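Undergrad: Since each chain sits alone in its own frame, please combine them into the complex, following the hints.
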Amino acid sequence: MRITYPHVGDLTLALRSLFRNLGIDAVPPPPPSTAVLKEGALHSPETVCLPYKHVLGELIAGLRAGADTLMLIGGRGPCRFGFYDVMQNEVLRSMGYGFDVVSTDNPDTLRNLLRELRAVSPGNSMLRIVWEVYLFFLRAAALDMVHRTWDRVVPADLDAAGRIMAEQKERIASTATLQGLLAARAAAKDAMDSIAPGRDGRPVRVGIVGEFYTAVDPDTNFHVERVLKSMGVSVERAVWLSVWLNDRLGFMPHWRNDRRRCKRIAKPYVGFSPGGECVVSVARTIEYARQGLDGVIHLLPFTCMPELVAATILGRVRKDFDIPMLELTIDEHTDGTAVRTRIEAFVDTLAWRRKRKPPV
Amino acid sequence: MGLPRALHYFYHGKAWEAFLRSLGAEVTVSGPTDAAVMEKGFKLCMRDLCLPVKAFIGQIALLAGRCDRIFVPRLVSRDPSRYYCPKFLALPDLAAVFVPPESVISVEINAKKGPGFSAASYAALARALGADSRRAAEAADAMGEAERDMAREKAAALAGFAAASGPRIAVLGHPYMARDSHLSSGVVRWFADRGSSVAMYDDLPIGEFDKVESRLFRDIYWESAWEIYRAAAVFCRPGSADGVVILSAFGCGPDSFTADLVAMKCRDARMPMVRLVMDEHSSMLGVETRLEAFMDMIAMRAGRAPA
Chain A
3 MRITYPHVGD LTLALRSLFR NLGIDAVPPP PPSTAVLKEG ALHSPETVCL PYKHVLGELI
63 AGLRAGADTL MLIGGRGPCR FGFYDVMQNE VLRSMGYGFD VVSTDNPDTL RNLLRELRAV
123 SPGNSMLRIV WEVYLFFLRA AALDMVHRTW DRVVPADLDA AGRIMAEQKE RIASTATLQG
183 LLAARAAAKD AMDSIAPGRD GRPVRVGIVG EFYTAVDPDT NFHVERVLKS MGVSVERAVW
243 LSVWLNDRLG FMPHWRNDRR RCKRIAKPYV GFSPGGECVV SVARTIEYAR QGLDGVIHLL
303 PFTCMPELVA ATILGRVRKD FDIPMLELTI DEHTDGTAVR TRIEAFVDTL AWRRKRKPPV
Chain B
19 MGLPRALHYF YHGKAWEAFL RSLGAEVTVS GPTDAAVMEK GFKLCMRDLC LPVKAFIGQI
79 ALLAGRCDRI FVPRLVSRDP SRYYCPKFLA LPDLAAVFVP PESVISVEIN AKKGPGFSAA
139 SYAALARALG ADSRRAAEAA DAMGEAERDM AREKAAALAG FAAASGPRIA VLGHPYMARD
199 SHLSSGVVRW FADRGSSVAM YDDLPIGEFD KVESRLFRDI YWESAWEIYR AAAVFCRPGS
259 ADGVVILSAF GCGPDSFTAD LVAMKCRDAR MPMVRLVMDE HSSMLGVETR LEAFMDMIAM
319 RAGRAPA
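Protein chains in written order, with the working numbering: chain A, 3 to 362; chain B, 19 to 325.
Any given hint could be a false lead.
[Stated by the list, open to error] Pairs of lysine-lysine residues, derived as DSSO-like cross-links and limited to a Cα-Cα distance of at most 27 Å, are as follows:
| # | chain 1 | residue 1 | chain 2 | residue 2 |
| --- | --- | --- | --- | --- |
| 1 | B | Lys32 | B | Lys172 |
| 2 | A | Lys265 | B | Lys130 |
| 3 | A | Lys265 | A | Lys321 |
| 4 | B | Lys131 | A | Lys265 |
| 5 | B | Lys58 | B | Lys32 |
| 6 | B | Lys61 | A | Lys321 |
| 7 | B | Lys283 | A | Lys40 |
Read the hints as simulated data drawn from the structure, not as lab findings.
Since the structure is predicted, the reported quantities are computational estimates derived from the model, not experimental observations.
Chain B on its own, in the form it takes in the complex (with noise of 0.2 Å):
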């Protein structure tokens, strides 16, 4: 069973890994997105899709020479008011066209016409995969472990920000961008180099989000957007964080909208900002030159000479 590290992977991958390999599977979770895997993608599909979504089939046509099934789950919706981008509402159809369709393995999780997140979306895979209930309640399992050790990771990753000394970024941007280091042409790696300590969106637990109210007429809609909506006004509040990053994958649509209204609370909150929008010519030198300038503004805000 092959498991693109993707897309998806980069929300509940530790945790849907655990769960095939408890039900028997051997996995393989395909390398880091490299030139390899971009190039491949990019041969594939000669399109204005986005980067992340390109990496994803070049992870998977990548993956299906070494394995007999890809598993792609189909991540409709987490509550049932919103939902995920519409590439992956039909992400399974999508890998369908570029490896042969019997061997996509999928299930949908789907907050607004069922049971989303929960043991009956995972009973129903197990099942589909030929597992008995004590199998497929073992399963489940593995992975609600494989999730609170994601959990208590990212607890981990915000203590150490918040107790942090040097300068504070926080980076907005999906996690499938900003943890995919190749993809994000390790921007976090820059800062980390340069003594500041850098705070993932998701890394704050998703019941802070609910307590954020928004200013808008109706709410977003999109599952990761809403969630950077709120991670934005989260990490604005004085003393959270000394720095935001957005960061977008050119032609994104959820952050076409998003990316203005957080860059609009940055500016109400007169917190330092800078966006960047990463495409298949973006260079790392170009990135470094207003990573630098960024730097330096929030040095010079702090009383220190620009580096």
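Bound-form chain A, shown alone (with noise of 0.2 Å):
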């Protein structure tokens, strides 16, 4: 048996890690690129969300690679993330190839995802896998501790802060224990907390929300953290995998729930939450203004139903809480040099609108 899975971000670390210690031969999703993210949109239904596309192109990727049990990402809605295990596993049928399916079809229990695990590795105990699954967690929350860290600072090296970030990420990615993780992660804090900031002052400050895979995945959102850092400034993100992953499945008791803290905050706007991010991007958006940040990107893929709403509604909240907005729809047409575009005049625009308005 030899698994692939498809590319989210740090989850793709995270997962690497999980495989290998459980002893699963696992084939790694191919690192992201056009021509893999064009051959899934071939075979995808036109209109559908770009997600889709790019998981599909990944899964044809590891089938040519040598795999034959897929791990499909599933739900009950009501977003149409939740369908793409069952749309896809009817497309590649269609397509001809044969394989098995490993599908968390329930995102909100872990016992479905532990199910399916002990299925695909019929070596490990129960309680291996359990405890297994609780350092991927772990692992999972330090990738996002370092990013959240390298997402806040300005650097006065760019390029020297990516090498480290990536480093760093590696190594934790690369622990099997948890005294290994543990001692990576302390490592990792170090070393991001020494990177030198570029300038001194108040760097112009921008949020970002959105749908998550869009958010959380650089190659698809045409890094635009990094955009956003060359300029100098400094970046909030609202969605994170291991909140996500928290707020589904409590790993961590202590850790307050952050989706339902967000609904609360967005109560006023958004009376029922339609699926996806969109109760988040909306919270998010009214707390990054009452932080005073200067400005909030709003990304979203092409079609995408709850952030579509959320779009809307954000037309309200940006209003009533006068903080300028950016949104971003992607889809695999979006020119990056576009994208960059809007972002330079975007942050243009804040820059110069502080000089106007006095701080809060």
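TA: This is the structure:
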């Protein structure tokens, strides 16, 4: 049995470690590329959301590389994400591929994931699988910690800072034990904190909200965080893999449930969650405005249902809280240069606005 | 009280109307969608929302000048295993962006957490509108009566379709697209004018769908997509219809999957099928050319010369 899985930001690193530590033979997804995306789009419904096309392309590449088992992602609605596994199963079989499926079709319970993992690694006891999944979560949280620190700092040398981040992430991903992980986490924290800030004073601060996949995957969003940082902007991101996992699966009982908190904050604007990250996008925008951030970028895949609702409602939030917003809709035809130009214009506006408006 | 002739109106509009009237509200149903409604909708939201949502926004914006309240139910779920489209889940919130939030009157229909479409939900709404329990019960009765009328109309339409001699065309599209002659570019009319009879998927009684088995490893969880997928199976049965039209709005989320699944089903059943995707740039001329080719295909299959 050889398993392959889709690429989603740092989840790829965390899954790689999980499979390796459980002794499961895995084919990692190919590095993100236009060719992989085009292949996925070719076999996708025309107007399905972008993450579906990315994931399908990666699964096809995995099957070509010799995988015979697919880890599919799905759920029970209301957004299209929950139907990915059903549709991809239909499409790949109609293309003539044969494979087994590991499908975590209920993202809200851990039991489902544990049972599926048990089925593909018969050599491991349930206790060991539970432990490794727990380490997987801690690793995801450590990766998020590194990335969050990187987001906030505006380094003197962006390339060097990027290299430090990549090294530290790789080090965290290569750990096999709790002790190793804790040591790597502490070392990563020191390394990230030692990155020298490039300039004094108050950098422009921009929040990033939006659909999960598009927001956490730099290869999908044209490295929007990096583009911002190259312009001296400090970044706050609304969605994180470990927070997403913890809200649903409750790894850390003492962490507050971020989704529930966001629902409460967004309540005056969103009376009922239409799925996806809609309530998070609305709630975080409100919070960023209150915290005095200079602007917010809203990322969404073309035709994404929950984020289109969010985008419409954010039109009201933006007026009520007087915060500038840039909406970036992304699909397989989006051009990176155009995205960069729009971000540059947006940041110029924010800097100019700051000169006119006294700080709060 | 304003009732926009859009989206949810095409599911239960007449029943809501009867209900609100019975409570003593002065109900204004907005006019059929036309160019002015769409113009208003486009102006208010210049983004990638689907055509029927833009029509809805145009309708409520035009109603806002004429009514002090606008009724926008929150349709979440009819069956506990399914949802309506995410845009329906947040429809009152979307409405509040374009009309004064305090004017939006809503009720949550959610079978996942509560009574769903039942007397209890309606009584709660009646109470919120200030009616006593006697009035509420009367209003629920009036609503039930209107629902039964609608069901009778649909059954009659279906019986006429089954008995028709000309080509019989099944239209698989959300009622708020297919039954809105402006959004569907008059497709239904086009068939009727040429001697074909047309059945809408929602003419089929809802009980019919429960009998259809799904081949998928997990079932569709959007209400109308679930129905459309099953309606396709019903119309693909031998002798049930001569052709299928899949009618979608550009950017429709559930349809991006179901239209493909329905197309696969039609292919397997060797059922003539045409897929129309409507957006604000659709012109009847382009649609007509495709429909003519579609009708020629049906005629050739029946052994007749193309028109």
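Undergrad: Each hint needs a verdict: does it hold in this structure or not?
TA: Checked hints:
| no. | hint | verdict |
| --- | --- | --- |
| 1 | B:Lys32 to B:Lys172 | holds, 13 Å |
| 2 | A:Lys265 to B:Lys130 | holds, 18 Å |
| 3 | A:Lys265 to A:Lys321 | holds, 20 Å |
| 4 | B:Lys131 to A:Lys265 | holds, 17 Å |
| 5 | B:Lys58 to B:Lys32 | holds, 25 Å |
| 6 | B:Lys61 to A:Lys321 | holds, 17 Å |
| 7 | B:Lys283 to A:Lys40 | holds, 26 Å |
In summary, this structure violates none of the numbered hints.
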